[in-house]
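A.B. asks: Fit chain B to the given chain A structure using the hints.
Note that the protein sequences, when read in sequence, are chains A and B. Quick note: the first sequence uses this note's numbering, first residue 1, plus one each step. Quick note: the second sequence uses this note's numbering, first residue 1001, plus one each step.
If you're looking for bench data, these hints aren't it; they were derived computationally from the structure. Note that the coordinates shown come from a computational prediction; the quantities given were computed from them, not determined experimentally. Glycine included, each C-beta is placed from N, C-alpha and C at the ideal position. Among the clues, some could well be false.
Listed next, the in silico DSSO-like pairs over lysine-lysine satisfying Cα-Cα at most 27 angstroms (straight line) [as the list claims (entries may be wrong)]:
{"no.": "1", "chain 1": "B", "residue 1": "K1100", "chain 2": "A", "residue 2": "K135"}
{"no.": "2", "chain 1": "B", "residue 1": "K1029", "chain 2": "B", "residue 2": "K1086"}
{"no.": "3", "chain 1": "B", "residue 1": "K1088", "chain 2": "A", "residue 2": "K55"}
{"no.": "4", "chain 1": "A", "residue 1": "K250", "chain 2": "B", "residue 2": "K1076"}
{"no.": "5", "chain 1": "B", "residue 1": "K1100", "chain 2": "A", "residue 2": "K250"}
{"no.": "6", "chain 1": "A", "residue 1": "K359", "chain 2": "B", "residue 2": "K1076"}
{"no.": "7", "chain 1": "B", "residue 1": "K1088", "chain 2": "B", "residue 2": "K1020"}
{"no.": "8", "chain 1": "A", "residue 1": "K277", "chain 2": "A", "residue 2": "K264"}
A few chain A residues that don't get close to chain B, going by computed Cβ distances all over 10 angstroms [unchecked claim]:
{"no.": "9", "residue": "D42"}
{"no.": "10", "residue": "S58"}
{"no.": "11", "residue": "N74"}
{"no.": "12", "residue": "S96"}
{"no.": "13", "residue": "G156"}
{"no.": "14", "residue": "E187"}
{"no.": "15", "residue": "S247"}
{"no.": "16", "residue": "D306"}
{"no.": "17", "residue": "I319"}
{"no.": "18", "residue": "R356"}
{"no.": "19", "residue": "N360"}
Coverage of chain B stretches by chain A, computed from C-beta distances (three or more under 8 angstroms per stretch; other residues unrestricted) [stated by the list, open to error]:
{"no.": "20", "region": "1017–1027"}
{"no.": "21", "region": "1035–1047"}
{"no.": "22", "region": "1061–1069"}
{"no.": "23", "region": "1073–1086"}
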Amino acid sequence: MRIKILGTGLTKFGELWDKSLLDLALDASQEAINDSRLTINDIDAVFVGNMLSSKIESQDQLGALIASSLGITNGSFRVEAACASGGLAVHLAIQSLFAGTYKNILVVGAEKMTDIPGSEIVAALMGAGSEGERKAGLTFPALYALMAKAHMQKFGTTRAHLASVAVKNHYHASLNEKAQFRFEVTEEKVLESPVISSPFTLFDASPISDGAGAIILSSDLSLQKQGSKNNVYITASTVATDTVGLSERKSLIEIAATKQAAQKALKQAGVEISDIKIAEVHDCFTIAEILAMEDLGFCPKGLGGDFVYQGHTKLGGKIPVNTSGGLKACGHPVGATGVKQIIEVANQLQQRAGQRQVKNANLGLTHNVGGSGATAVVHILQS
Amino acid sequence: MSTPATIWRSHKKLNLYLNKTGRLLVWTKILVAPAGFEHQTPYLVGIIQFDPPAGGERMPLQIVDCEEKDLKINLKVITVIRKIGKAKSEDVIEYGLKVKPI
Chain A
1 MRIKILGTGL
11 TKFGELWDKS
21 LLDLALDASQ
31 EAINDSRLTI
41 NDIDAVFVGN
51 MLSSKIESQD
61 QLGALIASSL
71 GITNGSFRVE
81 AACASGGLAV
91 HLAIQSLFAG
101 TYKNILVVGA
111 EKMTDIPGSE
121 IVAALMGAGS
131 EGERKAGLTF
141 PALYALMAKA
151 HMQKFGTTRA
161 HLASVAVKNH
171 YHASLNEKAQ
181 FRFEVTEEKV
191 LESPVISSPF
201 TLFDASPISD
211 GAGAIILSSD
221 LSLQKQGSKN
231 NVYITASTVA
241 TDTVGLSERK
251 SLIEIAATKQ
261 AAQKALKQAG
271 VEISDIKIAE
281 VHDCFTIAEI
291 LAMEDLGFCP
301 KGLGGDFVYQ
311 GHTKLGGKIP
321 VNTSGGLKAC
331 GHPVGATGVK
341 QIIEVANQLQ
351 QRAGQRQVKN
361 ANLGLTHNVG
371 GSGATAVVHI
381 LQS
Chain B
1001 MSTPATIWRS
1011 HKKLNLYLNK
1021 TGRLLVWTKI
1031 LVAPAGFEHQ
1041 TPYLVGIIQF
1051 DPPAGGERMP
1061 LQIVDCEEKD
1071 LKINLKVITV
1081 IRKIGKAKSE
1091 DVIEYGLKVK
1101 PI
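So here's chain A without its partners, still in its complex pose (with noise of 0.2 angstroms):
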């Protein structure tokens, strides 16, 4: 399969207190759209992805009013799948280019979180959530707490492991202007700021983020995308599901939607996970990371905190991992993390990542994550 990527277009991500959903899906729209070389009658469809407006904003039919706002009317769709809303939207675009019903679809990607209080947006989050794991008082730093400490009973995954990923993505922040956190952090920071669920600290966790991202999808390849050195395109799109409750799953210490998914696409796109060269990975919480590394395939089971600590995964090692400072540190507006992983691998492979660009990316995987590991969403890019 191949699908052109013609134009990209991301929103600072972070506390964004003078703007609203609309204003951040429309930003990142327009950005989207001009990037492309594309007009607005060039579009067929909007695909959007949002986990909260229904909650935070009392807002449905987000597809017509983000369309409409854009003055497209040919069809828009809102797709949900909590924190992979966004990669599921992008998945669910491709497949409407490959049915042959749109030729051009803009996908956006937003969400607004930082409009309630702090304990109403763990409730509203707790939406991705089983009812048991409500009734029980769970949040989701709880339920990657336990899956932390699933791990370290069984590997000896340590605190320093953990916290070596919330390093490393604090360091790729601090060269991205889009991030939240611009500022670097050290181990000892990490391990020594308040505890939100043991063995969590507060800089284990991602944080509540406002933002956006947009992508144009194209299934016309012969449409070039001006004034970039490399055309960029989509060669595999895969999603798998699970249990939304974790204590229902088989095993704690493993995301399986992650490996099944990640296995269909690799197979999809005919490559093996040693040939990818950079991954934007879903790490919502600093073990997120470590489970991705091994579910994806980058390291046997049980390795993963040891890959991270040793800096293979760090910008210069073997493959840099969430050079946009991932879900930790780029922030994480839930709707809109799974389109601006696509976004960071793209300019990536476009060459104009700019202090972040790792030397000769060709080929690059994204993993986008719903809940505690219900929906896993994977995408493979080449240039």
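C.D. replies: Okay, now just chain B, sitting in the frame of chain A:
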């Protein structure tokens, strides 16, 4: 969101799990809570593996009547009925399952 109807429905299954024993697989102490649970912090939540014949199934439940230092892997626990979250003044007070060490 809990309403009288959702509480009534969930309680129809509650008796299947009364006085059930199991063991603690993994736990965390929560210090930052979702809305409705802030008054309980810090509190302990674990994944419990029930003993047969409860089906051997796993469930996430709060662990009460103990402190984190008392917990260890495979600790034997038993289900108890306790208040779930904090009801607003006009709401029905919800009760449900938690576990305590045996």
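A.B. asks: Which numbered hints does this structure break?
C.D. replies: 6, 7 and 15
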